[in-house]
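A.B. asks: In case you want the letters, here they are:
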Amino acid sequence: MTAEAPLIEVENLTKHFPVGGGAVVHAVEKVSLTVGHRETLAVVGESGCGKSTLAHLMIRLLKPTSGTINLDGTDITSMSNRAMRENRRKLQIIFQDPFASLDPRRPVGKAVAEPLIVHGLAKDIDVDETVAELFEKVGLTRDMVRQFPHQFSGGQRQRICIARALALRPQLVIADEAVSALDVSIQAQVINLMMDLQSEMGLSFLFISHDLAVVERVSHRVAVMYLGQIVELGPRAAIFENPQHSYTRRLLDAVPVADPRVRRDRPLMTDEIPSPVWAPGTGPAHVNLVEHDPGHFVAVED
Amino acid sequence: MEPLLSVRNLTVTFGSFTAVKDLSFDIHEGQTLAVVGESGSGKSVTALSIMRLVELGTRGEIEGGEILFRTPSGDVIDLVQQSESTMRDIRGNQISMIFQEPLTSLNPVFTVGNQVAEAVILHQGLSKDEARERVLETFRLVRIPDPEQRLDQYPHELSGGMRQRVMIAMALSCDPKILIADEPTTALDVTIQAQILGLMRDLREQTGAAVLIITHDMGVVAEVADEVVVMNQSRLVERGSVYDVFENPAEDYTRALLASVPRLGSMAGTTTPSPFELVEYER
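Chains as they are written, first to last, in the working numbering: chain A, 1 to 302; chain B, 303 to 585.
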């Protein structure tokens with residue numbers, strides 16, 4: 001990466017959820033990462049590893065237990081909601097389920113216009129025209145703005161959610177499993193759209209996914225999360241071609257290969273990921289990341 | 303050799319909508335057949351039609367065609383013509399099914415051991431103690447660790463992967479001839495998916511049951527299938543051995559589907575993202 005300052009910098013970000021009886025879910029544990037300008041950082045891991053919690057912390061939908069978030073040189077960790085509003089324009093999120101992210105009773109054009117109105121931009125611009133342009137940008141047509149969510153397919157709905165996320169011209173878009181619910185042919189189209197938008201608008205992406213094959217396509221750098229902590233972080237080529245941590249290797253080995261000639265005989269494992277719930281006064285051991293080669297950090301294993 | 307199950311010209315409708323149109327394929331003993339397609343292609347309706355569950359609750363109708371099943375005694379019967387009471391005897395006993403989401407398929411207020419025992423008590427007339435032994439045996443077969451303890455646990459106490467193992471144990475408890483698995487690993491994490499796919503391959507060798515797997519995931523197809531049926535918009539697009547379909551697809555749709563599958567390792571030697579090269583096809 002270039003020497004310019006990162007767009008967003010997260011340091012020692014931690015989120016604990018109490019679950020009764022004093023026990024605590026260590027959802028995110030001292031996570032530090034950066035996303036550069038025009039860069040895609042992918043966060044991969046299995047259910048419960050804390051990747052979505054991390055996304056929600058970074059966009060301030062959740063308040064961190066500790067740690068800091070710096071956006072473009074400004075500490076937004078405990079900024080007031082009023083002050084946060086201006087910064088939120090720079091940070092947008094797209095969720096997994098486009099069915100649940102759109103109001104069934106509102107025309108989709110209104111959904112895309114809403115952020116412009118909420119942020120008080122409507123008085124300076126022609127909202128209808130801006131929304132129509134956004135629709136065209138994501139591969140939909142102008143006349144679709146008056147239609148309702150049920151009239152669209154899943155892929156089209158996700159395009160609408162992308163248009164809404166882009167309405168405020170954000171710098172960072174967090175895509176939380178944004179293509180996971182889509183059929184493969186649609187998924188490929190939406191991923192291509194996201195890449196086009198990145199080069200056109202200079203966007204940065206935090207791309208959260210459990211699908212390593214998709215991550216390999218879209219990312220510049222990759223962070224592997226396990227039980228709330230990052231166990232490996234580095235350039236995409238290093239993670240995929242020279243993985244160092246045993247969990248990264250295990251994840252890569254588990255991906256089904258779409259080629260019947262390379263069918264592998266895997267050992268029949270039955271082990272599972274341990275629980276992130278810890279009894280009062282206890283907690284996970286913190287991993288130490290060591291630079292294996294430039295920009296490629298690996299957790300030390302016993 | 304005569305097929306174990308032969309679907310011939312199957313057409314299934316929901317009111318004016320045709321969910322499956324003129325579909326034909328065979329499954330042979332010991333074989334794994336994958337039906338692959340995108341959402342709405344008719345693959346799950348095909349599975350539910352074989353179980354004759356499509357008419358229950360969902361108001362589907364098998365409008366035409368035959369589903370010929372070779373029973374253990376050697377007779378060939380058309381499942382479409384069978385009464386509900388005959389079907390009850392076949393379901394879970396000779397043809398059993400597992401679904402995508404194991405949590406919604408298990409009863410939360412009974413222990414998992416109890417639920418698997420119910421199937422063998424009902425279909426095979428075992429006593430309670432014999433049933434418990436049989437459940438333990440199937441739990442070991444699907445490699446559930448500490449089966450004696452797991453038996454007495456409730457579904458919420460198990461992880462997603464363990465629950466799916468319980469479902470597979472239940473499906474295998476009566477030694478079925480055919481196991482239908484509808485997206486069995488879609489809800490599971492990738493490391494657990496690898497475990498379950500390995501288990502399914504292993505079990506086929508141990509039990510000799512034929513497997514019909516329904517999936518949207520070409521990676522899963524490549525891992526487990528011998529034969530493949532590709533479906534799109536209610537119709538069969540292409541049918542062939544897994545090698546033919548992957549290496550020499552005959553139809554544009556199959557080529558388009560394969561082109562959009564993200565493949566691990568496809569970006570080796572590069573450092574920046576790059577878009578998919580999509581293949582156009584006529585809808």
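A hint or two may mislead.
[Stated by the list, open to error] Sample of chain A residues facing chain B (criterion: CB under 8 angstroms; computed from the structure): (1) Asp-176; (2) Ser-246; (3) Arg-250; (4) Leu-251.
The set of hints was computed from the structure by calculation and includes no laboratory data. Given the structure is predicted, the values throughout are model-derived calculations rather than measurements. We treat Cβ as the ideally placed atom computed from N, Cα and C, and that holds for glycine.
A.B. asks: Hint compliance check: list the failing hint numbers for this structure, sorted ascending.
C.D. replies: Hint check: 1, 2 fail, others pass.
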